[in-house]
Amino acid sequence: MDNLIVQMINENQETLKNNWLDEVNIFKEKELVAASTTMKLSEETDQQFFELLIKHINYHDISKDGTLDQFFDQVLHTGLPLSYLTQGLQAARRVIVNFLVERISDKERLITIYREIDTWLDPILNRVVENSSQIWERTVSIQKTALLELTAPLIPVFQNISVMPLIGSIDTERAKLIMENLLNGVIKYRSEVVLIDITGVPVVDTMVAHHIIQAADAVRLLGSKCILVGIRPEIAQTIVSLGIDLSLFPTKSSLQKGMESALEYTNQKLVSNK
Amino acid sequence: MDIQSCVEVRNEWDIVSARQLGRNMAKELGFGNVDQARITTAISELARNIYLYAGKGKICIEPIDQLGKKGLRIIAIDNGPGIREIRKVMQDGYTTSGGLGAGLPGVKRLMDEFSIESTVDVGTEISATKWLR
Amino acid sequence: MRIPILKLHEYLLITIQVEMDDQTALQFQEDLLNKIHDTGAKGVVIDLTSVDMIDSFIAKVLGDVVRMSKLMGAQVVLTGIQPAVAITLIDLGISMREVSTALDLEQGLDKLRLELEG
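Residue numbers (my numbering), protein chains in the order written: chain X, 1 to 274; chain F, 1 to 133; chain Y, 1 to 118.
There's no promise every hint is true.
[Said to hold, decoys possible] Simulated crosslink set (DMTMM-like; lysine to aspartate or glutamate; CA at most 20 Å straight-line): (1) F:Lys69 x X:Glu137; (2) F:Lys56 x Y:Asp21; (3) F:Lys69 x X:Glu173; (4) F:Lys108 x X:Glu173; (5) F:Lys27 x Y:Asp52; (6) X:Lys176 x F:Glu113; (7) Y:Lys111 x X:Asp217; (8) X:Lys188 x Y:Asp21; (9) F:Lys27 x X:Glu180; (10) F:Lys108 x F:Glu85.
These aren't lab readings, by the way, just hints derived from the structure by calculation.
Start from the sequences and build out the full structure, keeping to the hints where you can.
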């Protein structure tokens with residue numbers, strides 16, 4: 001890096017900082033929700049940001065030593081958007097270039113400097129994007145695991161009767177896990193009847209209805225009777241409009257009714273002790 | 001077992017050989033019961049297709065490792081008549097053998113990745129992969 | 001290789017314990033129908049507990065056997081289908097809804113008794 005330029009930048013830090021802050025504030029006013037805590041936090045962050053940029057210019061390339069990563073992590077975790085970082089970097093580029101253009105008249109030199117500034121700032125920009133997409137992927141993966149862990153076990157309620165309450169949204173991967181749990185449970189508890197309760201499934205679209213029917217078909221193949229309970233009006237509509245034949249799977253509106261049916265089917269009865 | 005293992009498919013007993021090869025490899029790689037069944041069934045379907053439509057071909061099974069992600073790949077190759085309309089064949093419910101065979105859509109559902117290349121009068125190559133969970 | 005068919009009163013019991021190749025499956029179909037004819041059996045239980053794979057061909061043979069047996073006056077129940085097998089059949093799109101199923105041999109016989117009496 002051009003030492004004269006570095007010197008020029010160091011000598012004029014205050015001016016550069018103020019110009020940069022002006023640009024950043026324009027962006028903040030337009031894009032950030034002006035909650036006072038966020039604004040206060042972000043002022044301190046601005047200072048840190050600028051200091052890091054100066055350090056970067058002086059030490060040539062700090063994109064690999066971890067200070068930048070730490071800073072970006074911190075920023076993204078306080079809820080400031082990714083655009084704060086990318087816009088901040090672009091603003092820095094603009095501000096420095098404008099500053100230098102005003103003071104250097106040699107066109108050739110200016111072009112070289114312009115290119116150099118790109119090589120200073122591009123690594124940081126790349127690091128920001130890489131970093132934030134890693135955080136994103138990590139979050140998605142954690143949420144995915146959490147959802148998979150919500151898989152409900154098959155619950156043996158009475159002799160020969162088990163219940164599987166389905167809770168939450170059911171995507172293809174979760175459906176596979178639920179299916180395995182369900183079938184292994186049927187074998188383990190020797191359930192003659194399985195009640196699949198879908199009360200806790202918020203959305204039953206074509207795909208979900210398909211998964212539920214598949215689960216019911218699989219239970220039937222094993223040799224158990226499957227009763228679907230918790231059918232809300234919207235679900236009934238979806239099933240009918242899909243033309244699905246449920247004649248092999250009785251459905252009941254509530255778990256209670258389904259249980260009565262199951263008890264009847266297995267020749268059992270609840271007797272009161274009064 | 002790092003290398004590909006292949007079985008020539010010329011008759012019905014080769015279908016059984018291919019299945020057993022697949023099951024053994026799947027077991028060795030650490031696939032659970034359900035995935036072992038999926039892989040074995042997929043191999044059976046693909047081998048049967050070769051036997052029914054091409055007369056002869058081969059099934060190759062190999063363990064794969066892609067950046068730490070481990071799995072198993074089935075490759076079914078034949079120099080048969082080829083498939084004229086791949087899209088039609090990949091549609092559920094389409095069958096040319098009078099109900100025999102659940103068809104390629106079934107194999108696709110059993111496995112995690114599926115690709116098919118076919119040229120009329122030249123042959124067909126199908127590749128299907130299952131990843132270790 | 002032939003699959004043994006046992007007679008228990010008016011029922012026929014079969015436990016499939018080997019990996020069936022195509023010929024074995026077709027031979028089994030023939031043997032069963034002959035036995036139904038010879039014994040006049042009214043009910044058949046085919047136990048699949050030891051079967052760890054059913055592909056589309058075997059599924060078709062089993063489905064056919066059920067239909068053919070019915071034509072000859074015998075009800076058939078398939079028992080003991082394993083979870084892994086059920087899952088692969090569902091993946092293949094085969095739900096065999098026209099076939100009666102039960103968890104095990106005992107429940108299979110109970111089911112047959114109900115069907116034949118009812």
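Consistency of the hints with the structure:
| no. | hint | in the structure |
| --- | --- | --- |
| 1 | F:Lys69 x X:Glu137 | holds, 17 Å |
| 2 | F:Lys56 x Y:Asp21 | holds, 18 Å |
| 3 | F:Lys69 x X:Glu173 | holds, 17 Å |
| 4 | F:Lys108 x X:Glu173 | holds, 15 Å |
| 5 | F:Lys27 x Y:Asp52 | holds, 13 Å |
| 6 | X:Lys176 x F:Glu113 | holds, 16 Å |
| 7 | Y:Lys111 x X:Asp217 | holds, 18 Å |
| 8 | X:Lys188 x Y:Asp21 | violated, 30 Å |
| 9 | F:Lys27 x X:Glu180 | holds, 18 Å |
| 10 | F:Lys108 x F:Glu85 | holds, 17 Å |
The earlier numbered hint that this structure contradicts is number 8, and it is the only one.
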